[in-house]
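Undergrad: Place chain B on chain A using the hints.
Protein sequence lines correspond, in order, to chains A and B.
One point on numbering: in the working numbering, the residue at position 9 of the first sequence is 9, and numbering is uninterrupted.
One point on numbering: in the working numbering, the residue at position 121 of the second sequence is 121, and numbering is uninterrupted.
A hint or two may mislead.
[Claimed, not checked] Under the rule of at most 20 Å between Cα atoms (straight-line distance), these lysine to aspartate or glutamate pairs were calculated in the DMTMM-like manner:
(1) B:K30 - B:E44
(2) B:K246 - B:D232
(3) A:K18 - A:D143
(4) B:K30 - A:D143
(5) B:K30 - A:E144
(6) B:K251 - B:E218
[As the list claims (entries may be wrong)] To spell it out: a stretch of chain A is covered by chain B in this simulated footprint if at least three of its residues, at any positions, have a beta carbon under 8 Å from a beta carbon of chain B; those stretches are:
(7) 56-70
(8) 123-129
(9) 136-150
[Stated by the list, open to error] The following residues of chain A were derived to be distant from chain B, with all beta-carbon distances above 12 Å:
(10) V28
(11) M73
(12) L77
(13) D109
(14) T132
(15) I163
Just so you know, the hints here were simulated from the structure itself, not pulled from any lab data.
Bear in mind the structure is a predicted one, so any value in this text is a computation, not a measurement.
Quick reminder that beta carbons are idealized off the backbone N, C-alpha and C, glycines included.
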Amino acid sequence: MENTEIYTGPEPHIEVHKYYAGVVSIAVLLALVLQAFFPVHFRWANYLELPLLVTLYFALSKRNPSSGLMLGMVVGLLQDSLSRTPLGLYGIAKTLVGFLGSSIGARVDVEHPIARFLLTVGFVFFHHAVFTLTSRILLAQHDEKYFTVPVLIASIVNAFIAIGMFPFLDRFRKPS
Amino acid sequence: MIAIPSRHRSLTLLAGVIIAQVLLLAVQIKRAGQVRLIRVWAVEMVSPLQRLTSWAIYGVEHGWGGYVGLRRAQQDNEALHAEMDRLKVRNAELEGRAIEADRLAGLLNFRETHREVPMLAARVIGGSPDSGSLLVYISRGSRDGIRRDMGVITPDGVVGKIIAVFPDTAQVLLLGDKDSGVGALLADTRTQGPVKGIGEPQLSLEYISNDEKVSAGEAVLTSGQDRIFPKDLPVGTVVEATADRKSPFMKIRVKPAAHLDRLEEVLVLLTRNELEMKKAADPSSEASPAPANAAKAPAKTQ
Numbered sequence: 001m002e003n004t005e006i007y008t009g010p011e012p013h014i015e016v017h018k019y020y021a022g023v024v025s026i027a028v029l030l031a032l033v034l035q036a037f038f039p040v041h042f043r044w045a046n047y048l049e050l051p052l053l054v055t056l057y058f059a060l061s062k063r064n065p066s067s068g069l070m071l072g073m074v075v076g077l078l079q080d081s082l083s084r085t086p087l088g089l090y091g092i093a094k095t096l097v098g099f100l101g102s103s104i105g106a107r108v109d110v111e112h113p114i115a116r117f118l119l120t121v122g123f124v125f126f127h128h129a130v131f132t133l134t135s136r137i138l139l140a141q142h143d144e145k146y147f148t149v150p151v152l153i154a155s156i157v158n159a160f161i162a163i164g165m166f167p168f169l170d171r172f173r174k175p176s
Numbered sequence: 001m002i003a004i005p006s007r008h009r010s011l012t013l014l015a016g017v018i019i020a021q022v023l024l025l026a027v028q029i030k031r032a033g034q035v036r037l038i039r040v041w042a043v044e045m046v047s048p049l050q051r052l053t054s055w056a057i058y059g060v061e062h063g064w065g066g067y068v069g070l071r072r073a074q075q076d077n078e079a080l081h082a083e084m085d086r087l088k089v090r091n092a093e094l095e096g097r098a099i100e101a102d103r104l105a106g107l108l109n110f111r112e113t114h115r116e117v118p119m120l121a122a123r124v125i126g127g128s129p130d131s132g133s134l135l136v137y138i139s140r141g142s143r144d145g146i147r148r149d150m151g152v153i154t155p156d157g158v159v160g161k162i163i164a165v166f167p168d169t170a171q172v173l174l175l176g177d178k179d180s181g182v183g184a185l186l187a188d189t190r191t192q193g194p195v196k197g198i199g200e201p202q203l204s205l206e207y208i209s210n211d212e213k214v215s216a217g218e219a220v221l222t223s224g225q226d227r228i229f230p231k232d233l234p235v236g237t238v239v240e241a242t243a244d245r246k247s248p249f250m251k252i253r254v255k256p257a258a259h260l261d262r263l264e265e266v267l268v269l270l271t272r273n274e275l276e277m278k279k280a281a282d283p284s285s286e287a288s289p290a291p292a293n294a295a296k297a298p299a300k301t302q
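Just chain A, same shape as in the assembly (with noise of 0.2 Å):
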């Protein structure tokens, strides 16, 4: 997943970047256990989606679709295996995250501190959105909402997650 080819997609000119071996891993694997562990001391961290900001900038990143829906899945179902939900709820939400973030990396330059703002408040919302629908149609949970405010505030709060972490993780990028 690290060794990723010069991408040839419908925007040629966008670099793809390529990473060093294990970070992709890593990365995931702290997002899954910050994010369990967080919430469990500070309630602040309740708004935190820290497995959508590593699946999201690496579908970014890449901009490889199918790597990226790949590796949505991946996260998702790790992250609904470590919590109550039904494997696959996170897991849909994050493929649809991990693919369409991919596919717009490929279009669009995602690097800028705002475009990565707008962007991680957009797929939050996203995000929310697919996992409200999956609950409503295959859970039949129809008290859930496509919009409330906890999601707004998380949205703008994992947004400006997303600007810190998103250079830090450019740092493990292999120079191209």
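TA: The following block gives chain B in isolation, referenced to the frame of chain A:
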């Protein structure tokens, strides 16, 4: 393997991954009634096919069954008709047996209630070929102790008397024959007179004075004076009684008590010897005429 264009490969993979996870969710989720969602989906997907298949199979079976049924219907119909005919015959046979049993029971009952009168049951085995005479043949003859001039009755009433005896059969002259007669009396007034056959279904009660009061429906019984039949056996019922201006006697028509036109079993009264013995014991009656004559003109024997 199906070749998928590279630009669609990621979309295909996405669809596959999403579908796989949806199925994974469906396996875990239980709906109302604790039925897993995957099973609900499977049933909902399969049930229309099942219904369609069931409908098709039912249609084929029904159509085939109808075709085969039509083919078999004719055979069944013929078989049922044959069975119905056989059952009709059997039913008639059983009805006949039941009627016969009733008749025999009547005969037996009659014999039981008249133990003092020795009698012998016999079956009517034939009639006379001569339409001018009322004769029947019975299944008893001289070997059974049948003798000439013995009386023949049924539980309903008097039938006639034996006029010819053969080893195994005997000839019975029915009461309706012109040459037949029996000593009788009117049940109400006890007025005596012979009942004679006139060759018709009805009988004639003779020698009843125009002064007597006889009404239709009055019973006519044997008087016992003919020394053939015991006393008070039913002979018939008065149908019509009119005064005859040209004669001192009434013209009385009697309907026979016994069904003379459909006799099947009869009883032969073995009473003649007893009567003769009684007659022998009674010196005053030694000069009495033969029973046959007595039957024809019982009034003269008194």
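Undergrad: Output the indices of the hints that this structure fails to meet, ascending.
TA: Violated hints (numbers, rising): 2, 3, 8, 11 and 12; every other hint is consistent with the structure.
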